[in-house]
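K.L.:
Here is what each chain is made of, one letter per residue.
2 protein chains.
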Amino acid sequence: MKNLTNLSFSNVKILNGFWKSRYDLNREVSLRAVYNRFEDTARFESLRFLYRETGRLPHIFYDSDVAKWIEAVGYLIEGNGGGYEEEQEIIDALVSDMAKNQLPDGYLNGHFIQVEPNNRFTDRSQHELYCAGHLIEAAIAYDKATGKHKFLSIMKKYIDCIERYFVTEKLASFTTCGHEEIELALIKLFDYTGEQRYLDLALFFLDQRGAAEEPEAYPNQFNKKYDQSDIPVRELDTAEGHAVRAMYLYIAMAEAARKTGDKALLDACRRLWRNVVDKKMYVTGGIGSGKTGEAFTREYDLPNLEAYSESCAAIGLILFALSMQKTELCAEYSAVIERVLYNGLLSSTSLDGKAFFYENPLEIHLDSVGKETSILPKRQIKLPIRHRVEVFGCSCCPPNINRIFARIGDIFFSANDESLVVNQYGSVSYEDEGTLIQMTTDYPNDGKVTLCVERSAYPELLLRIPEWCEQFTVSVPHTVRDGYIAIPADTGKVEIVFAMEPYFVECNPHSRANNGRVALCYGPVVYCLERLDNEFDLNALSIDPIAAVAVGDVQTEFGMRSLSASAMLDKDFPALYRKAKAEETPVVLTFRPYYSFANREECDMLIWLRRR
Amino acid sequence: MKNLTNLSFSNVKILNGFWKSRYDLNREVSLRAVYNRFEDTARFESLRFLYRETGRLPHIFYDSDVAKWIEAVGYLIEGNGGGYEEEQEIIDALVSDMAKNQLPDGYLNGHFIQVEPNNRFTDRSQHELYCAGHLIEAAIAYDKATGKHKFLSIMKKYIDCIERYFVTEKLASFTTCGHEEIELALIKLFDYTGEQRYLDLALFFLDQRGAAEEPEAYPNQFNKKYDQSDIPVRELDTAEGHAVRAMYLYIAMAEAARKTGDKALLDACRRLWRNVVDKKMYVTGGIGSGKTGEAFTREYDLPNLEAYSESCAAIGLILFALSMQKTELCAEYSAVIERVLYNGLLSSTSLDGKAFFYENPLEIHLDSVGKETSILPKRQIKLPIRHRVEVFGCSCCPPNINRIFARIGDIFFSANDESLVVNQYGSVSYEDEGTLIQMTTDYPNDGKVTLCVERSAYPELLLRIPEWCEQFTVSVPHTVRDGYIAIPADTGKVEIVFAMEPYFVECNPHSRANNGRVALCYGPVVYCLERLDNEFDLNALSIDPIAAVAVGDVQTEFGMRSLSASAMLDKDFPALYRKAKAEETPVVLTFRPYYSFANREECDMLIWLRRR
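Here the protein sequences line up with chains A and B, keeping their order.
Quick note: to get our numbering, add 11 to the position in the first sequence (first position is 1).
Quick note: to get our numbering, add 11 to the position in the second sequence (first position is 1).
So that you can see chain A by itself, here it is in the shape it has in the complex (with noise of 0.2 Å):
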């Protein structure tokens, strides 16, 4: 295997056009939005150990919230060079009290420490493990940013603990965490340190999992495959169980994988990837549909209207690519991570950056909410909410989503020894000893791309050509190899076009949700129709897929373009049933991003559209 390598976001610039938007507004909007309402919330005094004396409660899973937050900020500072003066206090009095009230044997965790220091590792289920990931993610990224190693010391003395409780003197009662996370952390910190250790503490919960006789975590509620324990990891097939635990599984064997060259365990990771790529993901990149759970479920299983799409697991899913992407060269893992990207990760959050989704859902159908006129409403079927809240009481996704956009440079650029691979659109730059290079584009809203490589230390550059597009054009002298145009890297200035024009796609026919159905984008950006833009019964219209599609301008509400396209709605009649006669009135249906969604008041939205 070559040696592959995704280029670090601390040498990418931001410099402008679309990702510069959202990069700044994670950074200058939610960054603050989440830290507000994490306070209020009393996630921060968790890791303050305050609960004796607020009596507000930390929960199992607080610890983890407040580590994605600092690890964004970590992300941030690296990025900027420096700065971020108020969040290094903040997070430097927090690392204060946890060296204060860490345990003597080097135990760390906000909720057992405080609330049930008897039950310390006693029980899969409680994320403590998972807490300890998030926290070793957070002291690498804050030690790399600041040189301040204070964090990173407290967490690997908790690592001494880990090994002991887990390895050496096997005192805890369980031995892989119910939520998936510690693995890939370890695996992180062994990059970091170089210390074989960690890299061993990792496979050895990934050679455990499924393996180790142990406790159920839910033994009420969900069977193995649900913490994606019921079998060994390298025998792993389909993608089963919680989606976010599902990804944060993968990333750790694929990142093992590829340390090792464990072959078995690459393979596994590929099946995964196939069969969450062929028959388990959203057309916007969303994955695990069931409520219930937060989990997959079988295969072309995508209701619209139900749809789980957990932020969170769009996230892994993109951190799985990114994994996978190292391991070999293959334009898929970029397609998928772009398919996520503009689709199911965007509309997380909204426009304003202060609000987000937990869950994604790829319909609202208003007159379906609350239809059950007689059942009280705490007895009424949940639907998926149809606007984004500021917190929440599980509330992993916001800071999962500041601490995805302060890496968002990471997607731009992968390197082996001969070639720099472009692998998304940006305007960005690149910029190390050896390789200075510059994007300028307005993609997605244009497919024209600049590229200007002042100097590379890659004789060649890779410029993956994108899944949804079918022409292109290059100024340069070039050759298409496995999905790439491949230019010399001395070719100096290049500019390239992919042909973006709007075009509808359909969905596998065993989708019994989208079979007969369309749905319209513009190069990688799944869109949508809300009924404020279009007044009708949204699945009363069918459309054709041949229909002329109109490319508005670019809407500064959202930083896309608009599209209008022809389509005939079903007249409305009085009864309820009648001979068949489709009678169909033409109508113009006004498109908008799918990820600009439920920004205005509450209304009817759709993806899928019938199919003419």
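Heads up, some of the hints might be wrong.
If several chains are the same, the list does not tell them apart, and a pair holds so long as it fits within one copy or across any two.
[Stated by the list, open to error] Taking lysine-lysine and the DSSO-like style, the derived pairs with C-alpha atoms no more than 30 Å apart in a straight line are:
1. Lys365 <-> Lys31
2. Lys389 <-> Lys31
3. Lys181 <-> Lys270
4. Lys290 <-> Lys592
5. Lys592 <-> Lys582
6. Lys459 <-> Lys590
7. Lys590 <-> Lys337
Just so you know, the hints here were simulated from the structure itself, not pulled from any lab data.
Please arrange chain B on chain A, whose structure you already have, making use of the hints.
P.N.:
The following block gives chain B in isolation, referenced to the frame of chain A:
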């Protein structure tokens, strides 16, 4: 209002053809099947007062289960002019036990006397008056059929007790029952005995409903719409809440309105009828789409896979229509009866007569069953049952099916002063002193109907033109009036041919589940696809509603013609998404009557096909 009346089954003979086989299946198989299962499950023991001996707990609605079975036997004896000795022995012994155990003040309820003697009439939700109502209906039927008065005397004594508890001494903790039924039963008793006090008591319960200050029946689950006690009955506008409760109430309202000339009450019935028929009725005539609470939901909310559509609610709608049919001559009432009869009612029973549906789904999609692969079965979302069973915990439907088929003769004829009205078509005869008419037909397999009028007390015959019929011929001079063919009764022999062709229906476009879809029908019968006959993913099919449909022979298995038609199947492709190509393959589909679905091994079923 003209003196409209329904002509009783006691003068109707089911001679042969479609309804003869159903009538016989019910009396020869289903009646005994229900009896056996009810003995197995200790239902009869409730009224044998054996709880202390056997320890088998009589549930609060067991009395009503038994009552409906007795009522069915009563109708069968009446229709047969005697017989059913074995059943009579069972019933007589049971009546004897009831007499022995009836409390001195007249109170009679198997559950409360044996299990909760101190809780009589303390809880609206406990079905006591509901059970009383069914016992009254049973007693009337048995009294009329056998001339044995003991059962009805017991019930009259119980009614005295009820009157004391609820009206004169007001000893009960509530005013109206959480499940309607007593009201219609008391009106039936008024019809049978002519005693005004029974009508008065029914009117008391109707007037108090939604008007009395009384406790909520289900404060933790449902609001007052659930049992139609949120507003006074004359103010009801829309069908809400538990569908069977609603129907039983509406029947009593319609009957009371007719007897008292209460226009406000009749207007309410008409509004409720319109709301059900125009907004809340499946194409099968099923009602109550909501699984939670077996209830009406919002208008046009008619999910197919998740349909509840309880068998008892279908029966309730037939009975409501029969009551409305007496208030005015209007073909729509009989049209709705016809819709329910051949679809949502017939589907309730297996072709062998031994097993029953409680809920009647309009789609089966096996891949959606247990789709939550990581969730324990008990925590999974419950989907409709895929096969009929012999008895359920709440087994209201099977004996209700027994009693409706036992009185199926009631649906065919009504009359006013001038006209004998033929509402439904079948090979039956009607005979009383003044009238003898014989009808011969292969309906619903054929639209030809031959009527021989031997003698008629009515100067005119009115033959309902079926809702689905656009062309017909009549062999004698006739006029057409308000949806009826009018013929002088002295015509003697008449041959009518209702042109019967397969046709597609469409649903109101506001129905999210059905818009853009069509259902194939033949005469009054809704057809469906079963995957056993059509080896395709049924949702990947689409059909042009002008497709030629071939009419096959009558199939012995289900007693109807099979139909076949060409359709298009979306071509399979390996990816989950691709640019829309809409590649299709022509296929030939075989349709069978909806009522016959799920009589072989479990398989997918679909009524509403995508329209091309």
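K.L.:
Which of the listed hints are broken here?
P.N.:
Per hint list: single violation, 2.
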